[in-house]
Amino acid sequence: MRYQLGIVGGGPAGMMAALIGDRFGIKTILIDDNPALGGQLIKQTHKFFGSKDHYCGYRGFQIGSILREEIAKSKVEVITSATVTGIYPGFILGLHHKERYQEVGCDAVIVATGAKEKFLIFENNDLPGVYGAGAVQTLMNVYGVFPGRRALMIGSGNIGLIVTYQLLQAGVEVPFLVEILPEIGGWFVHAAKIARAGTRILTSHTIISALGEEEVEGAVIAKVDDQFHPVSGSEVTIDVDLICLAVGLSPLSDLLWQVGCRMEFIPELGGYLAWHNERMETTVPGLYVAGDVAGIEEATTAMLEGKVAAISAVSHLLGPSDELSAMQREIIRELDDLRSGDFSQVVSRGLRRLYDRP
Amino acid sequence: MARPFDVVIIGGGIIGTATGYYLARKGLKVAVLEKGFLTSGSTGRCIGGIRQQFTTRSSILIAMESVRIFKTLGEEFGFDIEWHQGGYLFLAHSEEKERAYKRAIEVQRKFGLEVNYITGEEAREIVPGLNTDGLLGAAYCPHDGQANPFLVVDGYARGIKQRGGSIFTFTPVTAIHKARHFRIQTGKGDFEAPVVVNAAGPWVAEIGAMVGVEIPAQPERHEALITERRSLFMEPMIVDYRPDGCYFQQLHSTGQLIGCYTPDPKVPGRDVSSTSEFLREMGRRMVRILPKLGEIRVLRQWAGSYTMSPDGSPIVGESGVEGFYIAGAMSGHGFMFGPGIGRCLAELIVGNESPIDLSEFRPDREFVRAEALK
Numbered sequence: 001m002r003y004q005l006g007i008v009g010g011g012p013a014g015m016m017a018a019l020i021g022d023r024f025g026i027k028t029i030l031i032d033d034n035p036a037l038g039g040q041l042i043k044q045t046h047k048f049f050g051s052k053d054h055y056c057g058y059r060g061f062q063i064g065s066i067l068r069e070e071i072a073k074s075k076v077e078v079i080t081s082a083t084v085t086g087i088y089p090g091f092i093l094g095l096h097h098k099e100r101y102q103e104v105g106c107d108a109v110i111v112a113t114g115a116k117e118k119f120l121i122f123e124n125n126d127l128p129g130v131y132g133a134g135a136v137q138t139l140m141n142v143y144g145v146f147p148g149r150r151a152l153m154i155g156s157g158n159i160g161l162i163v164t165y166q167l168l169q170a171g172v173e174v175p176f177l178v179e180i181l182p183e184i185g186g187w188f189v190h191a192a193k194i195a196r197a198g199t200r201i202l203t204s205h206t207i208i209s210a211l212g213e214e215e216v217e218g219a220v221i222a223k224v225d226d227q228f229h230p231v232s233g234s235e236v237t238i239d240v241d242l243i244c245l246a247v248g249l250s251p252l253s254d255l256l257w258q259v260g261c262r263m264e265f266i267p268e269l270g271g272y273l274a275w276h277n278e279r280m281e282t283t284v285p286g287l288y289v290a291g292d293v294a295g296i297e298e299a300t301t302a303m304l305e306g307k308v309a310a311i312s313a314v315s316h317l318l319g320p321s322d323e324l325s326a327m328q329r330e331i332i333r334e335l336d337d338l339r340s341g342d343f344s345q346v347v348s349r350g351l352r353r354l355y356d357r358p
Numbered sequence: 001m002a003r004p005f006d007v008v009i010i011g012g013g014i015i016g017t018a019t020g021y022y023l024a025r026k027g028l029k030v031a032v033l034e035k036g037f038l039t040s041g042s043t044g045r046c047i048g049g050i051r052q053q054f055t056t057r058s059s060i061l062i063a064m065e066s067v068r069i070f071k072t073l074g075e076e077f078g079f080d081i082e083w084h085q086g087g088y089l090f091l092a093h094s095e096e097k098e099r100a101y102k103r104a105i106e107v108q109r110k111f112g113l114e115v116n117y118i119t120g121e122e123a124r125e126i127v128p129g130l131n132t133d134g135l136l137g138a139a140y141c142p143h144d145g146q147a148n149p150f151l152v153v154d155g156y157a158r159g160i161k162q163r164g165g166s167i168f169t170f171t172p173v174t175a176i177h178k179a180r181h182f183r184i185q186t187g188k189g190d191f192e193a194p195v196v197v198n199a200a201g202p203w204v205a206e207i208g209a210m211v212g213v214e215i216p217a218q219p220e221r222h223e224a225l226i227t228e229r230r231s232l233f234m235e236p237m238i239v240d241y242r243p244d245g246c247y248f249q250q251l252h253s254t255g256q257l258i259g260c261y262t263p264d265p266k267v268p269g270r271d272v273s274s275t276s277e278f279l280r281e282m283g284r285r286m287v288r289i290l291p292k293l294g295e296i297r298v299l300r301q302w303a304g305s306y307t308m309s310p311d312g313s314p315i316v317g318e319s320g321v322e323g324f325y326i327a328g329a330m331s332g333h334g335f336m337f338g339p340g341i342g343r344c345l346a347e348l349i350v351g352n353e354s355p356i357d358l359s360e361f362r363p364d365r366e367f368v369r370a371e372a373l374k
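Line by line, the protein sequences give chains V and B.
The first sequence: position 358 = 358 (full-length UniProt numbering), numbered continuously.
The second sequence: position 351 = 351 (full-length UniProt numbering), numbered continuously.
Treat each hint with caution, since some may be false.
[Said to hold, decoys possible] Label pairs and their in silico Cβ distance ranges: (1) V/Asp336 / B/Phe79: 22 to 28 Å; (2) B/Thr169 / V/Glu214: 39 to 45 Å; (3) B/Glu114 / V/Glu214: 47 to 53 Å; (4) B/Val287 / V/Arg349: 50 to 56 Å; (5) V/Ser74 / B/Lys266: 44 to 50 Å; (6) B/Pro291 / V/Arg349: 52 to 58 Å; (7) B/Phe79 / V/Val231: 38 to 44 Å; (8) B/Lys266 / V/Glu214: 38 to 44 Å; (9) B/Pro194 / V/Arg100: 55 to 61 Å; (10) B/Ser40 / V/Ile121: 23 to 29 Å; (11) B/Ser40 / V/Ala195: 49 to 55 Å; (12) V/Arg349 / B/Pro172: 32 to 38 Å.
Simulated from the structure, these hints should not be mistaken for lab results.
Yeah, the Cβ is synthetic: ideal placement off N, Cα and C, and Gly gets one too.
Only chain V is shown next, with the shape it has when bound in the complex:
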């Protein structure tokens, strides 16, 4: 099987890229390892902000459904429950699908594999009941599974704040959220909401250990000093059966290492990622990145990056045109606008560092 464009990852970036490819008549295949397309959108129950162009007012899972329906109406070929295990010379994608190994050949590839949750080192962190916040969100919002009775949330970025709120909505008590930094990381509006619902947000605090033999039965938290060292004597034992880690994401970049992209370490963007420019071109000609794998942000920028990457791929496949570059410039401008706010300062700094590297 041969396709003009292969897209690895069917989240917001990959779906949007596939739709753009299809719009230009590119024979496109979209591959995802989950049973359904949507990526992280399928579990996002919060409403999106921003402009109408960017699905403002819709909840994440609704945006996922809209894109899924558009893809169903398009000529994009979709394979779900398929893991891309390698990208080989000649852009042959190795697929693990239905317990068989298959190959799909492509002329251009967009890697939009997203991110993985970071973990935290503390005593007993391997006890059942210690979860990534994203995993808890999936359990509750996708599978309808009650994750625990009383939760400790770790990390006050937007994911920590939003998942705390969703836990509360589901009827899980969240007595404490600890944040190692002296300030809350995420948006005030989210923090205020959970504070009103009774969650105590403890800044300059961290987890010391999980308690329990077979599963989480409690946790010890403590204050930290300005060097982030626990202050002895400040330890408090709390009664929880669920510990939720919302301590950041890192790009899921294994395929990019394997394919031989030049990799750069940019902490502001989540760690190692493939070097790319604002057209989402990597150091491997014909291979592009989009979404969290190109630097941790959120779904709106991921969708725009998906568009940008797809336009680069279309130019590569069909040859450049004024129409394509005008369209791409417009989207890059939208991305710049979105990233001009205070909360995007870190990302913008990271991207500048990346683009500045030759």
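Dock chain B against the given chain V, drawing on the hints supplied.
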């Protein structure tokens, strides 16, 4: 200021660290210079098989010496190196192979190696589930085995440091000058020593060229894979030398199957990227030999270099430049020969006779007698 040592070894794989260890044990001040991390060349990419079934005298003897060393190496290091004596089973699917194995067995037995030619049925008793279609018989040596290359190199490297030696990783050699002593330039300063050992694996010819020594060594890419775990069901390494054959074994430590094949046509060069073809082909070839492997998942694939000499035997000994020793072109047998070669080379370097006759490995040989069981 150049840092002075008694011996500078270039290459932090099995050959470099083993040689360094046996030299350090003799009280010499040793430095190992490695351009990457330890085992980052060929050693960390090999599949860990250790066999003694060869056809030339020096290879058989050095392999037997290595097995003797592997047996007690864990004890010497104070930790397990995952040595396991599961044997090697060479399958014969043609009368030609059958004759070749029987001839080889005659030679091997002269050196005291316990090795037998067995029937296909007997082979299936050793490896339950073995496909005996077209199988005429097999050469079987139960005393061959396996060990973990990372642990072995780690043990040797620790041993070097414990005896006052030094390991310099991420220290690529950029030039070597010979005056009274060798002066070795690296990315991290200069080193000086009267003796240099070139154990640079796939880079052995480039390092040789730095002192004007030509080494007929050519790296070739070999690919490998490892599967998920299974409960232990097979002991030996299976070797299928058909043109579309392969070799694989079950790691006794984890239960994973690990294997590779010799590509045809060969792939010269130091490229160690992986191919989709290998993944497909290796799976097919393994399943042909052991149909029950059809449901097992591959966890990982990678590639490494076999650094080949023209006759398939290593190049070991002092070069035309006095004090410049070569231990390279292991032709795919570096890990299994490593301990023996390290020990013998250490003796040569301090001026003793090598305990094993290494004349067939001499750098100045004619390269005419080919090792049949490459």
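Verification of the supplied hints:
1. One distance hint, 22 to 28 Å for the beta-carbon pair V/Asp336 and B/Phe79, is violated here, with the actual separation near 56 Å.
2. At roughly 42 Å, the beta carbons of B/Thr169 and V/Glu214 sit within the given window of 39 to 45 Å.
3. Distance hint check for B/Glu114 and V/Glu214: the Cβ-Cβ separation is about 51 Å, which falls inside the suggested range of 47 to 53 Å.
4. At roughly 52 Å, the beta carbons of B/Val287 and V/Arg349 sit within the given window of 50 to 56 Å.
5. At roughly 46 Å, the beta-carbon separation of V/Ser74 and B/Lys266 lies within the given 44 to 50 Å, and the hint holds.
6. Range check, B/Pro291 to V/Arg349: about 57 Å between beta-carbon atoms, so the 52 to 58 Å window is met.
7. Between B/Phe79 and V/Val231 the beta carbons are some 39 Å apart, a value that agrees with the proposed interval 38 to 44 Å.
8. For the pair B/Lys266 and V/Glu214, the beta carbons lie near 55 Å from each other, so the given range of 38 to 44 Å is not met.
9. Taking the beta carbon of each, B/Pro194 and V/Arg100 are about 60 Å apart, inside 55 to 61 Å as hinted.
10. Taking the beta carbon of each, B/Ser40 and V/Ile121 are about 27 Å apart, inside 23 to 29 Å as hinted.
11. A C-beta distance of roughly 51 Å is found between B/Ser40 and V/Ala195, which places it inside the suggested range of 49 to 55 Å.
12. About 34 Å separates the C-beta atoms of V/Arg349 and B/Pro172, a value consistent with the hinted range of 32 to 38 Å.
Checked against the numbered hints above, the structure breaks hints 1 and 8 and satisfies the rest.
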